[in-house]
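**Student:** So you can see what is in the structure, the chains are spelled out below.
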Amino acid sequence: MIRLRRGLPALLLAVALAVLALPGVASWLMGGTQGPYPVARLWALALDHAALSLAGVLPAALIGLALGVVVTRPGGRGLRGAADAAAAVAQAVPPVVVVALAVPAFGFGWAPTVLALMLYGIMPVLRATVGALEAVPPETRLAAEAVGLSPGQVLREVELALAWPLVLDGLRVALVLAVATAAVGALAGAATLGTPIVIGLQNQNAVLVLQGAAATASLAFLAEALLLMAVPARE
Amino acid sequence: MIAQPVIAIEGVTVRFGGTEALRDVTLHVNAGEFCALVGPSGSGKSTLMKLVNRLVVPSAGAVRVRGRDVGQEAAPVLRRSIGYAMQSVGLFPHRTVADNIGTVPRLLGWDAARIARRVEELLALLRLDPGMATRLPRALSGGQAQRVGIARALAADPDILLMDEPFGAVDPITRRELRAEMRRIHAETGKTILLVTHDPEEALELATHVVVLRDGRIEADGAPAELVAPDAAPFVRDLLGGGQPGLRWLSLLPARGALDPRPAPAGAPVLARDASLADALSRLAESGDEAVAMEGEAGSVRAEGILGARR
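Going line by line, the protein sequences match chains A and B.
Start counting the first sequence at 1; every next residue gets the next number (UniProt numbering).
Start counting the second sequence at 1; every next residue gets the next number (UniProt numbering).
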């Protein structure tokens with residue numbers, strides 16, 4: 001029950017924004033003079049948008065998690081500063097810049113956006129993983145070692161088992177960021193909910209801009225709500 | 001054949017960075033001994049204990065357990081064969097009491113039914129309510145958590161048990177109960193126990209073999225009564241004596257050793273057979289008599305006999 005309640009505000013916002021993106025509603029709000037984007041095409045774009053977001057966030061999650069584990073091992077502590085700095089730089093570069101710079105190398109399509117989302121998502125996952133692993137009480141880790149768990153078992157059965165609610169918080173942040181940011185993919189020719197925004201800007205059609213923006217935000221809040229409901233609350 | 005010590009630490013030095021935690025320490029512990037390591041904080045007692053299950057690796061010297069160098073087998077395998085209990089308990093907060101206790105048996109590949117039976121036995125041995133098995137550690141009191149920690153250490157029935165200040169974090173009453181529990185478990189199971197404590201009274205009360213450490217060296221190593229005897233080294237006597245080393249010494253000597261053939265006067269207090277000379281002295285002080293009787297003995301324990309312990 002608590003889980004469902006945790007996700008409810010985000011879910012309600014997602015629904016409200018989805019209503020706003022409906023052709024009739026958006027066009028009525030903007031004065032009804034310009035033509036809206038049809039619902040069926042918005043749906044198709046939303047699916048593409050979600051898939052593109054996942055394609056960017058999954059490698060980010062894997063890299064962030066792996067880096068987080070490596071820099072908290074006794075042998076990897078020296079890499080901690082470098083990993084933090086790299087993740088910070090990766091997040092400091094705006095995704096739109098990454099997309100623009102990546103187009104000459106990768107061409108139009110998904111690749112530039114996947115790269116941008118991946119770079120953008122590593123830091124929240126890395127930070128959450130390192131923080132969560134460092135929050136594991138040292139005496140619990142010592143006890144695990146002392147009774148005979150191997151280093152791999154200490155990591156899996158004790159450290160990650162205790163850390164995963166916090167790690168999932170980081171993954172949720174990364175996913176929501178990715179969904180909200182994936183709209184820039186439209187600039188590099190990827191079909192996303194950014195597509196109506198770009199078309200609207202080119203044709204000075206505010207209805208399309210509103211629809212694309214509202215639908216993107218709706219999808220981001222939906223992702224937030226689903227993950228909040230899927231993950232048990234921390235005490 | 002000479003009996004081999006179960007734990008043999010030979011000329012071990014341990015360095016952490018620039019500091020020496022242990023300097024050329026040699027210690028032998030025989031099978032079935034209850035060995036207490038005592039000393040001020042920073043004396044190296046905990047480090048000495050951790051050599052046994054390779055939580056600490058010697059910079060020089062050798063550590064042999066059951067006759068084998070501890071470096072010869074993989075550390076996790078060695079550790080599963082040695083029970084370990086510690087002050088902060090270190091129960092796994094996300095696992096139930098039963099799962100915590102069953103940790104080592106599970107690592108050793110026991111089947112679920114055997115683990116469940118063993119968990120039940122241990123809850124009974126540590127006098128814990130069987131209904132506690134399904135609880136998480138945060139629902140336990142400090143004393144209960146300590147008992148679960150000791151049960152976890154005993155789970156796979158190891159012949160060696162390491163205990164690092166296992167009664168440090170509980171109130172005095174629970175502490176006394178747990179000490180009595182440990183004495184009983186040692187008597188019942190005959191395990192070799194290595195106990196780290198900063199409490200000299202605890203060491204003298206529980207151990208058959210007391211090792212006193214200071215600044216990374218062994219200051220004294222022997223039976224409890226020897227270490228507080230009048231001819232013991234002054235530092236050791238001061239540390240273990242608690243301000244009244246003479247009385248503490250008497251508390252470690254059996255009253256039966258001072259039996260006098262003369263019978264006790266009628267109506268004299270009666271001592272239990274396992275009473276110490278300090279108990280006898282205490283009864284004399286209370287009654288004002290010259291002698292106390294002893295259960296099942298014709299003779300008596302007399303003031304001059306008690307004071308003659310020195311002779």
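Read the hints as simulated data drawn from the structure, not as lab findings.
Incorrect hints may appear among the rest.
A few chain B residues facing chain A, derived, Cβ under 7 Å [claimed, not checked]:
{"id": "1", "residue": "55"}
{"id": "2", "residue": "57"}
{"id": "3", "residue": "76"}
{"id": "4", "residue": "94"}
{"id": "5", "residue": "103"}
{"id": "6", "residue": "273"}
Even for Gly, the Cβ is constructed at its ideal location relative to N, Cα and C.
**Student:** Take the shortest C-beta to C-beta distance between residue 94 (chain B) and chain A; is it under 7 Å?
**Tutor:** The hint holds - residue 94 (chain B) has a Cβ within 7 Å of chain A, the shortest such distance being about 5 Å.
**Student:** Does the closest beta carbon of chain A sit nearer than 7 Å to the beta carbon of residue 76 (chain B)?
**Tutor:** With a closest approach of 5 Å, the residue 76 (chain B) hint holds.
**Student:** Hint validation: residue 55 (chain B) versus chain A, beta carbon distance must be below 7 Å. Holds or violated?
**Tutor:** This interface hint holds because 6 Å falls under the 7 Å limit.
**Student:** Does the interface hint hold: is residue 103 (chain B) within less than 7 Å of chain A, judged Cβ to Cβ?
**Tutor:** 6 Å, holds
**Student:** Hey, does the residue 57 (chain B) contact hint survive, CB to chain A under 7 Å?
**Tutor:** 13 Å, violated
**Student:** Once the shortest beta carbon distance from residue 273 (chain B) to chain A is found, is it less than 7 Å?
**Tutor:** 40 Å, violated
Going through the hint list in order, the structure does not satisfy hints 2, 6.
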